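A.B. asks: Using the hints provided, position chains B and C relative to the given structure of chain A.
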Amino acid sequence: MSEPAHADYQGAKIGMWLFLFTELMLFGGLFLLYAAYRMLHPAEFHRASQELNAVIGVGNTLVLLTSSLFAALALTAVQQGRGEAGARWAALTACLGALFLMNKGLEWGAKFHHGIFPGSALVKAMPPGEGLFFGLYFTMTGLHALHVLIGVVLLAVVALLVKGGRVRQGDCVLLENAGLYWHLVDVIWIFLLPLFYLAA
Amino acid sequence: MSYLDRQGKGGLTSWIFSTDHKRVSLLYLALMTAFFWVAVGIGVAMRLKHLSGSDFLVSARTYNALFTVHGVIMVFMFVIPGLPAVFGNFFLPILIGAKDVAFPRLNLLSWWLFLAGACLALLSLFTGPGAPDTGWTFYVPFSLRTGTNVSLAVFAAFVLGFSSILTGINFITTVHRLRCEGMTWHRMPLFVWAIYSTGWIQVLATPVIGITLLLVILERAFGIGVFDPARGGDPVLYQHLFWIYSHPAVYIMIVPAMGAITEIIPTFARRCIFGYRAIAYSSLAIAGLGSLVWAHHMFTSGMADLANIIFSLLTFLVAVPSAIKVFNWTATLYKGSVDMQPSMLFALTFVFLFTIGGLTGVMQGALGLNVHLHDTYWIVGHFHYVMFGGTGFAFFAALLYWFPKMFGRQYDPKPAYAAWVLMFLGFNMLYGSFMVLGAMGMPRRYFAHLPQFHSLHLAATAGSWALVAGLAVLFGNFLAALRRGAPAESDPWGGKTLEWTLPSPPPPENFDKLPVVTGAPYSYNPKAPA
Amino acid sequence: MNAMAQEQGHVVEPSTLLKVWAALVVLTGLLVAASLVSPALAVAAMLTLTPLKAGLVFYYFMHLKHEGPLLRGMVLAALTVLVVFIGMMFLDLAFR
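Residue numbers (the numbering used here), protein chains in the order written: chain A, 1 to 200; chain B, 1001 to 1530; chain C, 2001 to 2096.
FYI, nobody ran anything at the bench for these hints, they're computed from the structure. As the structure is a prediction and not an experimental result, all values here were calculated from the model. Hints may be right or wrong, so weigh each one.
List time: in silico DSS-like cross-link candidates among lysine-lysine, alpha-carbon distance up to 25 Å [claimed, not checked]:
# : chain 1 : residue 1 : chain 2 : residue 2
1 : A       : K104      : A       : K124
2 : A       : K163      : A       : K13
3 : A       : K111      : A       : K124
4 : A       : K163      : C       : K2065
5 : A       : K13       : B       : K1099
6 : C       : K2065     : C       : K2019
If you want a taste of the chain B side facing chain A, the calculated C-beta under 10 Å gives, among others [what the hints assert, rightly or not]:
#  : residue
7  : L1106
8  : L1108
9  : L1166
10 : N1170
11 : I1211
12 : L1218
13 : R1231
14 : L1241
Beta carbons are placed, not taken as given, at the ideal position from N, Cα and C, and that holds for glycine.
Isolated chain A (complex conformation) (with noise of 0.2 Å):
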């Protein structure tokens, strides 16, 4: 009885979850630092939050609402196996996650030709507390993008192995477990949409 381990579709998912908590603290350390410096300075990150446009955040949050769903839709018709539709739905899944990183690279880029970004003249010459909200939302968004790119890369192999048979019914605590990633690296979004976009 030499099966090898990761024949233990729980003890995967549990050791993903585990994972899932380091993410959680990590992120929650900024938002420790996010909530202190919000109530050392409420009016500079009143005043600093009007820099943002609740509009394109708003927008990337119906995205990743959206693609939260179709990974789960996707883990669902594996489940049943429907393998085709599992495969398109994580690859649509992938796909909402590009258009959330073009957003914010779009976002990005306007707030860089205004002339913020980590450590520029204008942001180190605002008020003490405006530039540390700065701060916080580079290093919150930016910390964020990139487990969006992993999810993007993840969901997309998962897609073709998927699509390849590889991942099937029975068989997909892969797929089970890169949605669940999927969905914390939404939950995170979520937070982050009323901390900087809706705080003005």
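C.D. replies: For chains B and C alone, kept in the frame of chain A given last:
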């Protein structure tokens, strides 16, 4: 056939790409031993410097780098990974009757990350504008302003943290999923409980230091302002984030050590452990409570009084589960037929030294006294009693205990006793002097010292020589045993846990047939003659 | 087949997933609306609706509704630790 025998093509690649938890354990042991000796050498150099109160041997700048690198190596590459990565890896699966950990490839990846982090740390010493000189705590604002190679050292710590996280994930999952038939939670050996509790701290606390260190790098690279008062940032928040991890990290270091001691004492006292559940749950309690006391490192940082009082109170509370363990070990020894093998001697020394370290910790938890003792040699003495007298001696006790099982060879006990004498005397002379020095007012991390401190500094330095001589004898004895030790029996100490049912060294897949457990561990019957 | 289905866990119906998605979109709309009314309402909405949205994702998309007590307990413990860390930091910051 044992796991040590040549496999496949053999050679180095059959080790560094092996997913066998036993081989991974030895990979950690080799790497950690090497770094341990580097850090010991640095420690000795610092002691030699204090043969004189002023300029001697090294420059003040080099001295700053020495205590930083000594701390970084010892904390992140020896004491934190120490017992979990070596003995946890080797014995956790065996103790619960499994063939390997839950994710063997992830386990190997952890080691590779450990190697990468270690290489980065080394690189930070010899490249760029100079070795980091901030102390292992990387406190802002100095770590942001200093021109030395802090970013790379901090990144090394980040990578080492990632390695630690993956190990934690692996061990928690292993305990949940791979216990053999009949191995209920309350039949698990107590070392497993300790490793399990530690795994949770690794998973939940380590990411916080990860993000903190990343912020230091970002701050240095871009000036994002999060810890910069001129931009509205608050350096005290750095200390909060740093200690949210680094205090629980103390328990990552000590809880597995306590677990190993809990295996050793029943074996050599020939008695069932006293208070199994109390010890098991106190591991969890230490992990939980220990995560809520971080700010006792910051009583002099200008925190709110309310926070000071609450964190002080919680600090006193952690003493309770720690004391539960000490009382239970003592009660286990009561009326036992104690066999004072070297391993047992080191284990009892652990209890003695850890009690000193623990009680001085309670003293520091008192707000008034803390102001006097903060940042003095007292603190340095205190944490060496916990980290070296505690975890270090437990590491050696565990190595003496499990060496025959791991390598299939028996060592000569006599040099091990001699090593103990040297180490015990040297240790107390070194760190005992530190505590007195600190109480007298000698600040830590100072390059020079005043004449009134000189004689105690000399005593400490002399103690460091005895300590290092003892370490050399201990390691030399192990090396000799590796080369020409007698073959070890499968159960040389009369242990009752599952690892002693296997041949020494164990076969590659541990168990031919997975065991079925029918009773509690430590099944010594005190009434029957042994 | 049954053993296999059990192994891979509960299957959540597409119609359920769609409903949850709709709820998430509506909640996002409410959040935006609240932020347009007044700052106080924006903060109140942030502190209530955002965790609710995250809860929906955890519960349905991430299948916690159908997981056993072990995983649920783990998630609860991890979230508690995070909240306690942030809360205890405020013991300092809010009373300085």
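A.B. asks: Each hint needs a verdict: does it hold in this structure or not?
C.D. replies: Hint-by-hint comparison with the structure:
1. A:K104 / A:K124: holds (23 Å)
2. A:K163 / A:K13: This hinted pair holds, its Cα atoms lying about 22 Å apart.
3. A:K111 / A:K124: holds (15 Å)
4. A:K163 / C:K2065: violated (28 Å)
5. A:K13 / B:K1099: holds (20 Å)
6. C:K2065 / C:K2019: holds (15 Å)
7. L1106: holds (8 Å)
8. L1108: Check failed: Cβ of L1108 of chain B comes no nearer than 12 Å to chain A, outside 10 Å.
9. L1166: holds (8 Å)
10. N1170: With a closest approach of 8 Å, the N1170 of chain B hint holds.
11. I1211: I1211 of chain B check passes; min Cβ-Cβ to chain A is 4 Å, inside 10 Å.
12. L1218: holds (6 Å)
13. R1231: Holds, because the Cβ-Cβ distance from R1231 of chain B to chain A comes to roughly 5 Å (cut-off 10 Å).
14. L1241: L1241 of chain B check passes; min Cβ-Cβ to chain A is 6 Å, inside 10 Å.
Violated hints, listed in ascending order, are 4 and 8; each of the other numbered hints is respected by the structure.
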